[in-house]
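Q: If you read the sequences in order, they're chains A and B. So for the first sequence, numbering that gives the first Met the number 0 puts the first residue at 0; every next one is plus one. So for the second sequence, numbering that gives the first Met the number 0 puts the first residue at 0; every next one is plus one.
No lab work stands behind these hints: they were computed from the structure. There could be a bad hint or two in this list.
[Stated by the list, open to error] Cβ-to-Cβ under 8 Å is the rule here; a few derived chain B residues that face chain A:
| no. | residue |
| --- | --- |
| 1 | Arg227 |
| 2 | Arg231 |
| 3 | Arg232 |
| 4 | Met290 |
| 5 | Thr291 |
| 6 | Phe292 |
| 7 | Arg294 |
| 8 | Ala298 |
| 9 | Asn302 |
| 10 | Lys304 |
| 11 | Ala305 |
| 12 | Ser307 |
| 13 | Ser309 |
| 14 | Lys312 |
| 15 | Phe413 |
[Said to hold, decoys possible] Capping the alpha-carbon separation at 27 Å, the derived lysine-lysine pairs in DSS-like fashion look like this:
| no. | chain 1 | residue 1 | chain 2 | residue 2 |
| --- | --- | --- | --- | --- |
| 16 | A | Lys390 | A | Lys286 |
| 17 | B | Lys304 | A | Lys348 |
| 18 | A | Lys348 | B | Lys418 |
| 19 | A | Lys278 | B | Lys304 |
| 20 | B | Lys312 | A | Lys310 |
| 21 | B | Lys312 | A | Lys325 |
| 22 | B | Lys53 | B | Lys248 |
Since the model is a prediction, treat every value here as computed from it, not as a measurement. For each residue, glycine too, the CB sits at the ideal point set by N, CA and C.
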Amino acid sequence: MANTILEMRSITKTFPGVKALQDVNLDVREGEIHAICGENGAGKSTLMKVLSGVYPHGSYEGQIIYKGEEQHFKSIRDSEHKNIVIIHQELALVPLLSIAENIFLGNEQAKGGVIDWDTTRDGARKLLSMVGLSEDPDTLVTNIGVGKQQLVEIAKALSKQVQLLILDEPTASLSEKDSQALLDLLLEFKTQGITSIIISHKLNEISRVADRVTVIRDGRTIETMDTDQITEDRIITSMVGRALDDRYPARDPKVGEVVFEVKNWNVFHPQHRERQVIKDVNIQLRKGEVVGIAGLMGSGRTEFAMSLFGKSWGQKISGEVFMHGKKVDTSSVGKAIANGLAYATEDRKTYGLNLIDHIKHNITLANLRGVSRGGVIDDLAEMDVANDYRKKTNIRSSSVYQTVGNLSGGNQQKVVLSKWLYADPEVLILDEPTRGIDVGAKYEIYTIINQLAAQGKAILVISSEMPELLGVTDRLYVMNEGRIVGELPTSEASQEKIMRFIVRAEGKAS
Amino acid sequence: MTTETAPTSTAPAQAHELSLIGALRANMRDYGLLLALILIMLFFQYFTNGVLFKPVNLTNIILQNSYIIVMALGMLLVIVAGHIDLSVGSVSGFVGALAAMLMVGWKFPPELAFLANPIVAGAICLVAGAAIGAAQGYIIAYHKVPAFIVTLAGMLIFKGLSLAILSGKSVGPFPAEFQMLSAGFIPDVLGPITTPFIAENGNNVVLHSTTMVIAIVAVVAMVFFALRTRARRKARGYDVEPFSFFVVKNLLVAGLVLFFAYMLASYRGLPNVLVVMAVLIAGFVFLTKRMTFGRRIYAIGGNLKAASLSGIKTERTTFYIFAIMGALAALAGMIYAARLNSATPKAGQGLELDVIAAVFIGGASALGGVGQVAGAVIGAFIMGVMNNGMSIMGVNIDWQQMIKGVVLLAAVFFDLYNKNKSA
Numbered sequence: 000m001a002n003t004i005l006e007m008r009s010i011t012k013t014f015p016g017v018k019a020l021q022d023v024n025l026d027v028r029e030g031e032i033h034a035i036c037g038e039n040g041a042g043k044s045t046l047m048k049v050l051s052g053v054y055p056h057g058s059y060e061g062q063i064i065y066k067g068e069e070q071h072f073k074s075i076r077d078s079e080h081k082n083i084v085i086i087h088q089e090l091a092l093v094p095l096l097s098i099a100e101n102i103f104l105g106n107e108q109a110k111g112g113v114i115d116w117d118t119t120r121d122g123a124r125k126l127l128s129m130v131g132l133s134e135d136p137d138t139l140v141t142n143i144g145v146g147k148q149q150l151v152e153i154a155k156a157l158s159k160q161v162q163l164l165i166l167d168e169p170t171a172s173l174s175e176k177d178s179q180a181l182l183d184l185l186l187e188f189k190t191q192g193i194t195s196i197i198i199s200h201k202l203n204e205i206s207r208v209a210d211r212v213t214v215i216r217d218g219r220t221i222e223t224m225d226t227d228q229i230t231e232d233r234i235i236t237s238m239v240g241r242a243l244d245d246r247y248p249a250r251d252p253k254v255g256e257v258v259f260e261v262k263n264w265n266v267f268h269p270q271h272r273e274r275q276v277i278k279d280v281n282i283q284l285r286k287g288e289v290v291g292i293a294g295l296m297g298s299g300r301t302e303f304a305m306s307l308f309g310k311s312w313g314q315k316i317s318g319e320v321f322m323h324g325k326k327v328d329t330s331s332v333g334k335a336i337a338n339g340l341a342y343a344t345e346d347r348k349t350y351g352l353n354l355i356d357h358i359k360h361n362i363t364l365a366n367l368r369g370v371s372r373g374g375v376i377d378d379l380a381e382m383d384v385a386n387d388y389r390k391k392t393n394i395r396s397s398s399v400y401q402t403v404g405n406l407s408g409g410n411q412q413k414v415v416l417s418k419w420l421y422a423d424p425e426v427l428i429l430d431e432p433t434r435g436i437d438v439g440a441k442y443e444i445y446t447i448i449n450q451l452a453a454q455g456k457a458i459l460v461i462s463s464e465m466p467e468l469l470g471v472t473d474r475l476y477v478m479n480e481g482r483i484v485g486e487l488p489t490s491e492a493s494q495e496k497i498m499r500f501i502v503r504a505e506g507k508a509s
Numbered sequence: 000m001t002t003e004t005a006p007t008s009t010a011p012a013q014a015h016e017l018s019l020i021g022a023l024r025a026n027m028r029d030y031g032l033l034l035a036l037i038l039i040m041l042f043f044q045y046f047t048n049g050v051l052f053k054p055v056n057l058t059n060i061i062l063q064n065s066y067i068i069v070m071a072l073g074m075l076l077v078i079v080a081g082h083i084d085l086s087v088g089s090v091s092g093f094v095g096a097l098a099a100m101l102m103v104g105w106k107f108p109p110e111l112a113f114l115a116n117p118i119v120a121g122a123i124c125l126v127a128g129a130a131i132g133a134a135q136g137y138i139i140a141y142h143k144v145p146a147f148i149v150t151l152a153g154m155l156i157f158k159g160l161s162l163a164i165l166s167g168k169s170v171g172p173f174p175a176e177f178q179m180l181s182a183g184f185i186p187d188v189l190g191p192i193t194t195p196f197i198a199e200n201g202n203n204v205v206l207h208s209t210t211m212v213i214a215i216v217a218v219v220a221m222v223f224f225a226l227r228t229r230a231r232r233k234a235r236g237y238d239v240e241p242f243s244f245f246v247v248k249n250l251l252v253a254g255l256v257l258f259f260a261y262m263l264a265s266y267r268g269l270p271n272v273l274v275v276m277a278v279l280i281a282g283f284v285f286l287t288k289r290m291t292f293g294r295r296i297y298a299i300g301g302n303l304k305a306a307s308l309s310g311i312k313t314e315r316t317t318f319y320i321f322a323i324m325g326a327l328a329a330l331a332g333m334i335y336a337a338r339l340n341s342a343t344p345k346a347g348q349g350l351e352l353d354v355i356a357a358v359f360i361g362g363a364s365a366l367g368g369v370g371q372v373a374g375a376v377i378g379a380f381i382m383g384v385m386n387n388g389m390s391i392m393g394v395n396i397d398w399q400q401m402i403k404g405v406v407l408l409a410a411v412f413f414d415l416y417n418k419n420k421s422a
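Here chain B stands alone, though its shape is the one from the complex (with noise of 0.2 Å):
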């Protein structure tokens, strides 16, 4: 990396900017894999006729890949740590078959009714899902049979499970609250505005207010965080991108995130699955980034051996990592289940494999210790989106599979080419 002396007249004389090419080069793995998203979307836009830009296909886009996103954070937390999780699309399905036995298929005595209201059914489900991947971690990190195994076995036994609590059929529909999860947007408290634009259709494009104001504070805030780290960092005299990069940056962010919102706003809003999305994905960016637990997580998956001779309880922590995972896996399960309206014997199987793979195609190393929350998060976007816009142009499911294993291949195979030259 290269580091120019470059002091600005407001910092002490030891503060320095990155150079533009510096910065860069810093960020080129993040802002690449965000860019291969943009340039797949528009590739899809252009060859869906438009379509895929369309309020209603952005919004289906997030919905049908919510359940992965939401998987693919613990996936992170899992890969990072050195193990693997193939259970969790088995586990999801378990716990949605769970849920919709508890709201639905199960009759419960009158003094145990309240188990089947979809609030407390949730928090069961969740609990359920947490200690599914506990008993895994357990294993796992105190007995240290390989994940890879133990999550094989588990991927059998829940499949199994699932089969037999829901006797091999479908089992639906839910309560009308639970589908909210999956089918919800949020309420516009501030009532719709109706713009100047003018919609295909010749109407006047009517906004969902409050999402908009929702995801203006956001920027805001955004923006307010940023500029305020980056006084900090000056101030004790640490190196900061240049200015104009800064700016760039953040106003490209902004704009993206004020793009999407007004696609929401146009068509219902902000999905409830949405929000839950975009805190849950906050709150992991701040664990790795941020918080201790996250830090042990790189360094178990850096070097074990290093990290148990610093005092680090490896054990424990990866028994919490596979807990969090299951948590998701359960999560992931509710939303794909309310999604359908039904749960099904066979839902949840297979999506470990994509989940795994947003995960790898976001950056992160399969012997561990590398990973981000952010591009796990991307990974998973351009498998979605991939997915949306073939099945839009009509590819066939046989093609769809073979184009998304060569992009999966691709992607791993330029980043690690791109490591080994900078090595």
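Only chain A is shown next, with the shape it has when bound in the complex (with noise of 0.2 Å):
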């Protein structure tokens, strides 16, 4: 048997309100591909983040033992010393600087501040051709493509000296073509005896390449399973097995008739013309139910939303959505919302608030008509709307007047809420209502979804916790890489049936 590279033991991460991770232990081997599998939120990226010093010595507990030592890395910078490095999901390259200077950002081949040329593009090809990449050092790296720029990322790691590898959902952004490429080379890597460590949700990967899998699940340690034990149903199942408790209201659903239909959603990516992001997706809503769509980050559930009101993402759209069965133009945020659509978004910070105005501005922006006329604000009216609203959601605060900025993530989301409510549609997208926020808020959240279901309203869901969808909602959607590849009611519904349509697609895609 192979020596232990590292070893991480009982490492617990508290963030303010939440423990990410909790006596979590991890061991890896020399030379293996160690995969970790889980649940988004589940705590995988935390617990590389604290491998990499990212979250630096004494910001957790815990001790991480590399190659036999005792490790208290500060920062990155100290784990890369220790030839560790980490590639983050979100790739870290200057996309308007070349690839060699890439590759040696940070780490710049020079002599007295002046960067010898010659060196670094001769070290950046060999570096290049290591990944298999034919690529002219010199090219900018916005033109390579994303499997190419993912590549270029581990030729960067290469001229670290790695002998840890780290990566964090390689595969989520590739084609299926680009995706076989770089798990062989983390299999050629594998002879040359670097050590990888590898974060996916797609489990024929795994199954392809790793040696040994971990799965973490609420920020612990479920099992670690050897080659001849890995299958995907053990994998399924030690990611989701938990139970539901009452983290969620009763719901009554009383459904009516259908009142929201789309045909045949085609998007394609805003940026590269041919990749087609969202394909034929049909779906339905009826009268006071509450609809989830489940799946994988990147599976496309939020551009399919976002470019379902007011085309607001995507380009070369093109289907039919019907309201009580009429056919409505939303090719505009206005005519979306004019049509009884709206949408909440999963990013309030950037999408959702003006977060140097207060409350009651935010509340009334999606509807000025409402509180106006002929142009001209009524205050009083929208100081009742704001102080109505404020209620009815229970944001916590000093007045209407306090700063949305300064609320706390789960009454910043009230206000987003309150705000669509009070454009008072038919149909709300409420894209990851309860990201970021804690368990209290979450419960009044899912009771205001509850309270407008019941109004006659239809509710469209999407979330990555499947819990919570499974919690909440009547029927579900799930959507994989741009598809809808399964639906059913919730009452027949379980974590590992959702996954079981994941996977499945997954499987004929590739």
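Assembling the complex is the task here: the two chains are given apart, and the hints tell you how they should meet.
A: Okay, here's the thing in structure tokens:
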């Protein structure tokens, strides 16, 4: 049996209000490919950030033993010094610098501050050939595809004499072919004695390359499987095996006729014209119904919702939208709102709120007509509306004049909801409505969702937390790589079933 | 902010009056700026041996800064929306030149002679300014070229165009009607009043009575509307300022207005241009505080993406803002030209910087989303009074520039310092 190169012992990491990791153990053997699996938010990325020094020593409890010595990494530099390199999900390349410049960024081949371009180019070329790229090192990173960019990241890691390579969802945004190439490369590295840790959702990839698999759930280690024990079923059971408790208010659905229908919806990527992100999506929502879209990160759920809401994402959008059986135009946000559609974003700080303004102005923003006449705002009417919704959604603040940027995440989310409730839509799309908010606030949001459904609104919930979808919805669509790959009533759904839909679709795609 | 419970006997139980401290703190930014202006005026009053507050000088300060203030109103919208307009100085110079050529320079055939009529020419100039602003706004809003670059280009283009249409020479003088825009005063329809007060020259002070009447009507209207708003808020159970604070605030503002009206009335009354300014200021306060259009500007500057996802037509709004800015630059250009009584190729150059400085001194944020009309106007007056006071004191122009630079920096620095401290 090979030596253990890395051991992480009872790692506990706490964020304000949340225990992200609790007593997590991980051991990685020299020269193996070790996969880490878990749901979104299980704590995989946090664990890798602890390992690489993004969260410095002292901000967590537990020990990291690497090559037989305990390590106290204070920063990424420290871990890189020990030849541990992490490649994050979002690539850390500078688009408008060349490949060579990116590879040696922060590690420039220079004497006395003057860059030696010959050494830089030759070095880059050598590293590129190691990852199977024949690109000119002077090519700008922005001019090569995502797959190749990923390989440039790996070449950059190699330039640091990497011995332990950590890849966080490396194939999430890659095509099937690029993914294969990347996995082959990992296998190749293995023969050279480089150890890899790979975080992935794609179970078929894991069973192909991984020597061992560790499953993390809710910030705890569930188990580590050896090669002969790895099966997709076992990974799925470990990943989701959790009982639903009463974190969700009881639902008494009164579902009526079809209100909202989307037919043959197709969307292409805004930058890459040829890349189709949403493929032939058809969905239906009924009056008083809460419908969920399940899927992994990057499956296209947000892109679908935003393209639907005033073409706010993507290009070459085609398809039809029906409201009460009548075809409606949602090609601009204004028209979408006017036709009874609302979309509460997953990223409230970037897309949802004017953080420097107060609650009152944020709540009325999507429906200024409601508090104005002939373009003149009735201040007192606006005040009544703001106070009314502040009470209805239970926003905790000193008054409606509190700046939204100073509110907690849960209360900010309630402001976003209030804004869309005041716009009085018939169909409300909620994208990750409880992301980054505490358990108590989540319960309040679920209660609001139930009330809205009881009032006869149709609600579409997009969430990466499967228990949440199972807890609040009546019916589920499963989305994978821009397609609806499954539909089932929530009463018949389970996390295993959903995972199976996704895995089966992945299998078909490959 | 502290909200203390102090229900009054007449209001519903849930109506609160803010504590005095709370009310002061809530209004500190606005009143701090006004206080700074008053202190600066008193400072110069002392160091100019009382010249600053002489009626003729106060009238001059208004006339000298009118075009800056007119443009600062538009610039406030531009900056709140998160943009900048560097072209306003050149555009105002160009429109001044256009006005001169229409009224004086070009010899029209008889059938087109009406174009030289001051009112027709003025209207053409306003439309030209709005069209220039709209053209720049179109490129900025719909083609996403940064405003800094579009208006920098505009600045060069209209500087060149002014030179071209004036053929490099000054053109004037203007017809008397046009000069009235800057040099005229409202007629004293009610006739002068001789007061028992004795002026410096030993004669009794003679007041322009129409000016005083207008000022008194304005003050009464202001107090009436303030009282009505207060009563309505209270009736609906909303927080209001303590009554003592309300009274003192309104008395102070009313006193200030009447004092300045008296000073102006003891000279030649209300300048025409002040009437234009007052109407514009009131209009822009209304636009920014009460109209949906104004609200949308703040939303765009505060978070463009969120505004757009809330159904706001961000491009169209941006386009209108620049069109308004252009029209105001045109008006400012005419005021400037009428004041000089000629259009010169150099007119308006560098004015954009004074205008932008006024808006920033007035508390607007360079990142957008924050700024008030009142602040921009006071900011413009702070710069104007400093120019005026230092000139009277005989401070050299080199020192004047440096001092103004330091004041701009200090004002924005303290503003940010206060914001960071309270956050």
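Q: Report the numbers of all earlier hints that the structure fails to satisfy, in ascending order.
A: 1 and 15
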